[in-house]
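There are 2 protein chains.
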Amino acid sequence: MKHNEQYINELNEFLEIPSISSMPEHKEDVKKAAEWLKGSLQKAGIENLEVIETEGHPIVYGDWLHAEGKPTVLIYGHYDVQPASPEELWETPAFEPTIRDDKLYARGATDDKGQLFIHVKAVEKLMQENGELPVNVKFCIEGEEEMASPNLPPFIEGNQEKLAADAVLISDTSFIEKGQPAICTSLRGALAMELNLKTANTDLHSGVYGGGVPNAIHSLVNLLDSLHDESGKVSVEGFYKGVQDPTSQLREEVASIPFDEEKTKEELGLEAFYGEEGFTFQERTGIRPTLEVNGLAGGFHEEGFKTIVPSEAHAKISCRLVGGQEPEEVFEAILNHLDKHKPVGASVETKKLITAKPVSLDSNNPMIQKAAAAYEKVYGVAPLFPKEGGSIPIVEVFSRVLRSPVVMMGFGLPSENLHAPNEHIHLENFTNGIETVTSYLKSL
Amino acid sequence: MKHNEQYINELNEFLEIPSISSMPEHKEDVKKAAEWLKGSLQKAGIENLEVIETEGHPIVYGDWLHAEGKPTVLIYGHYDVQPASPEELWETPAFEPTIRDDKLYARGATDDKGQLFIHVKAVEKLMQENGELPVNVKFCIEGEEEMASPNLPPFIEGNQEKLAADAVLISDTSFIEKGQPAICTSLRGALAMELNLKTANTDLHSGVYGGGVPNAIHSLVNLLDSLHDESGKVSVEGFYKGVQDPTSQLREEVASIPFDEEKTKEELGLEAFYGEEGFTFQERTGIRPTLEVNGLAGGFHEEGFKTIVPSEAHAKISCRLVGGQEPEEVFEAILNHLDKHKPVGASVETKKLITAKPVSLDSNNPMIQKAAAAYEKVYGVAPLFPKEGGSIPIVEVFSRVLRSPVVMMGFGLPSENLHAPNEHIHLENFTNGIETVTSYLKSL
Chain A
1 MKHNEQYINE LNEFLEIPSI SSMPEHKEDV KKAAEWLKGS LQKAGIENLE VIETEGHPIV
61 YGDWLHAEGK PTVLIYGHYD VQPASPEELW ETPAFEPTIR DDKLYARGAT DDKGQLFIHV
121 KAVEKLMQEN GELPVNVKFC IEGEEEMASP NLPPFIEGNQ EKLAADAVLI SDTSFIEKGQ
181 PAICTSLRGA LAMELNLKTA NTDLHSGVYG GGVPNAIHSL VNLLDSLHDE SGKVSVEGFY
241 KGVQDPTSQL REEVASIPFD EEKTKEELGL EAFYGEEGFT FQERTGIRPT LEVNGLAGGF
301 HEEGFKTIVP SEAHAKISCR LVGGQEPEEV FEAILNHLDK HKPVGASVET KKLITAKPVS
361 LDSNNPMIQK AAAAYEKVYG VAPLFPKEGG SIPIVEVFSR VLRSPVVMMG FGLPSENLHA
421 PNEHIHLENF TNGIETVTSY LKSL
Chain B
1 MKHNEQYINE LNEFLEIPSI SSMPEHKEDV KKAAEWLKGS LQKAGIENLE VIETEGHPIV
61 YGDWLHAEGK PTVLIYGHYD VQPASPEELW ETPAFEPTIR DDKLYARGAT DDKGQLFIHV
121 KAVEKLMQEN GELPVNVKFC IEGEEEMASP NLPPFIEGNQ EKLAADAVLI SDTSFIEKGQ
181 PAICTSLRGA LAMELNLKTA NTDLHSGVYG GGVPNAIHSL VNLLDSLHDE SGKVSVEGFY
241 KGVQDPTSQL REEVASIPFD EEKTKEELGL EAFYGEEGFT FQERTGIRPT LEVNGLAGGF
301 HEEGFKTIVP SEAHAKISCR LVGGQEPEEV FEAILNHLDK HKPVGASVET KKLITAKPVS
361 LDSNNPMIQK AAAAYEKVYG VAPLFPKEGG SIPIVEVFSR VLRSPVVMMG FGLPSENLHA
421 PNEHIHLENF TNGIETVTSY LKSL
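Residue numbers (full-length UniProt numbering), protein chains in the order written: chain A, 1 to 444; chain B, 1 to 444.
No lab work stands behind these hints, which were simulated from the structure alone. Wrong hints could be hidden among the right ones.
A pair counts as met if it fits within one copy or between any two copies, since identical chains are not told apart.
List of simulated lysine-lysine pairs, BS3-like, C-alpha gap at most 25 Å [said to hold, decoys possible]: (1) K198 x K233; (2) K306 x K233; (3) K377 x K31; (4) K198 x K265; (5) K43 x K198; (6) K27 x K306; (7) K352 x K306; (8) K233 x K342; (9) K306 x K265; (10) K31 x K306; (11) K352 x K241; (12) K377 x K2; (13) K233 x K340.
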């Protein structure tokens, strides 16, 4: 396949900027990426461009609104990226884009600079070909997605008219596998929190106090172990409130997405799958709520040995939420559980880090059906409509506040190492992505 | 109280050497401390001095064997010290000895350079006063105590004749409190190990795999929580093999050591004591075996958040052993338990780090009774004979291999911050210690 060299050279410029939003030392780089994007949108013919300051990193806004009587599409994406660490595992440096084997390697190549840039170039191409666009277009691109979008929801709430659209178009998801496009129609909500458990004001000598005082690690493992039953079902009272049993139609839809159990097991080095009884792997990871401990630490855990009774231990927990689950109610339920199961002599402090409501989209919506047709035209294959287990908190906000269908037209692949070393994008999907988006915009 | 300034100046020289045995970058400092000690023993009149190389740090040996027909005392101590970290919590630098309030502050001040130096000066004083010593004396001083003495036991085994003695004298323990001396007559054994639990070959995205695959942290907390029952009693089958129920005499002895529950609770910030039912705090921490998790870590536990299903988690565990418990058997019992309780999909690797057998000494032994008399003469108070909960592995080796009574004549105080910032020794006990040791040696 022949790619547009000029487009790739420009994308490389974008990828060279280490716009890591979660690292304060990269604040200027994040700003630089915002300004670069503004320039690139200007070149594409987008008007009314602004780099809007927030309490964190800026939002880039621009529009082209001269297609009278035609629908308006709001394009969302993010120009910030994950940290590159562990850097030693990158075959070529994270911020030196390199093509190998028709794939472009760089941090942000697929998440989300590469996917976002598809829209910039699709608009530019349409503008160059016709001197105008077939629809009205608005761009709202943030620089804080990788830190859970703290400032975008209030911006959306406060600018409903400015952002109003007939569809919100997002390319920040993946195909099922190479050659099989997908439009995600369901995202789980999320709740992330941390907890710190304390039993004494200092670590104690295990020879002097061991066996006679509470041990913060014993207390923490006891408390964390109480969060699930033996089958992996969450034991927190009230956790499943608002969760419907899946209909047989939904179960069929979920089962229709291809999934190779044995291959996955082998690739990930798993001895066994494991989870809530009565549900398949795909149901457990796609449409059921979960509670996972993502990290914990306490006492002395470095090389060597220290015979202490640890006085503190902490853990990070996140939940994926579905259906009618309310993040705030789930948080309360967990707090009640922790309080009820708190071991003798332990005090527990908690902090809520992230909340996002689950969202479900109707695949029969015409804006989504037209996206499906565009995929089929370019790839020769109709897209599937998977229920994704992940969370993109902003999708629910767009959907709820703007009351618009959200079209998640992803061009990534699950194998492209997002958030990991050697992130890349298949150039085939970059080039076909531009085709698909232009085709979609024309079809509206 | 007037102290010997010359002695303290010399001790300061000793304390200035950062002989941290566990840190390879201090290897030369450890050697320097060994050579310094050799010079100091030579000055005291000790003969046949050697700095004996081992696979790790050297052993300093010397003797004076001209007291024909008199008993022989082997003096043990260690010239290595713990690391100074966290250094920012020291009021004055760890290796710049400073006197405040009649206390000498420095790393090693009480553990064990200061206590060891009491013997060097006691011998020197006796030699200066009488031109000879009242008993035969051997010094065997190691540089690896703070790393669990890996090379001393084989040295003792291989040099039984050279080290043969009527008593082994050690000053590396503490008073009950200021003014109340103690001769420790029981030390618990120890077993330390680490375990690493794995569920997959890489951390996984919790939105994609959460709820459907084993989580290494869930597995680890489940496994660790199975090690104790609700009362804090160890649940490992076979763990208590060889442990006798305490006799009423032993319980009385233990109860006779003063202990202020409320004060301890307040000082340590404890909400409650906690441990095996049917035993007092002092029994739990002194004469009962224990199993403590000393540290654990897994997944992402730094600042911020990462929504992963962790694939690995590890923990460090140590046991205190008593009576007929064999460290190797206890290790096997724990391995069996881990294997039996291993959660679905988890693989567990373990590594044994330290073993030490418990030791119990007869307080009626004349060598111990004479030490008690020496304390009473100098301090005006008879010492108590506590059962210490800690472990000094080498005591059991001396006792078993040399078949000699071990006299643990400590001059530290429990409040002297050993292994912690602002370690110090009360100069009163340094000066009275020299008096007590000279008095003891004369009395033999």
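These are the hints, each one checked on the structure:
1. K198 x K233: Between copies, since 21 Å is at most 25 Å while 27 Å is not.
2. K306 x K233: between (36 Å within a copy, 22 Å between copies)
3. K377 x K31: Cα proximity of K377 and K31: none, with 38 Å in one copy and 77 Å across.
4. K198 x K265: Cα proximity of K198 and K265: across copies only (14 Å, versus 38 Å in one copy).
5. K43 x K198: Classified as neither: same-chain Cα gap 57 Å, cross-chain 51 Å, threshold 25 Å.
6. K27 x K306: Between. Shortest inter-copy distance 20 Å satisfies the 25 Å Cα cut-off; intra-copy 39 Å does not.
7. K352 x K306: between (32 Å within a copy, 14 Å between copies)
8. K233 x K342: Both. Shortest intra-copy (20 Å) and inter-copy (18 Å) distances satisfy the 25 Å Cα cut-off.
9. K306 x K265: between (37 Å within a copy, 23 Å between copies)
10. K31 x K306: Only across copies: K31 and K306 sit 24 Å apart there, 45 Å inside one copy, limit 25 Å.
11. K352 x K241: within (19 Å within a copy, 46 Å between copies)
12. K377 x K2: Within. Shortest intra-copy distance 18 Å satisfies the 25 Å Cα cut-off; inter-copy 98 Å does not.
13. K233 x K340: For K233 and K340, both the intra-copy (18 Å) and inter-copy (22 Å) Cα distances are at most 25 Å.
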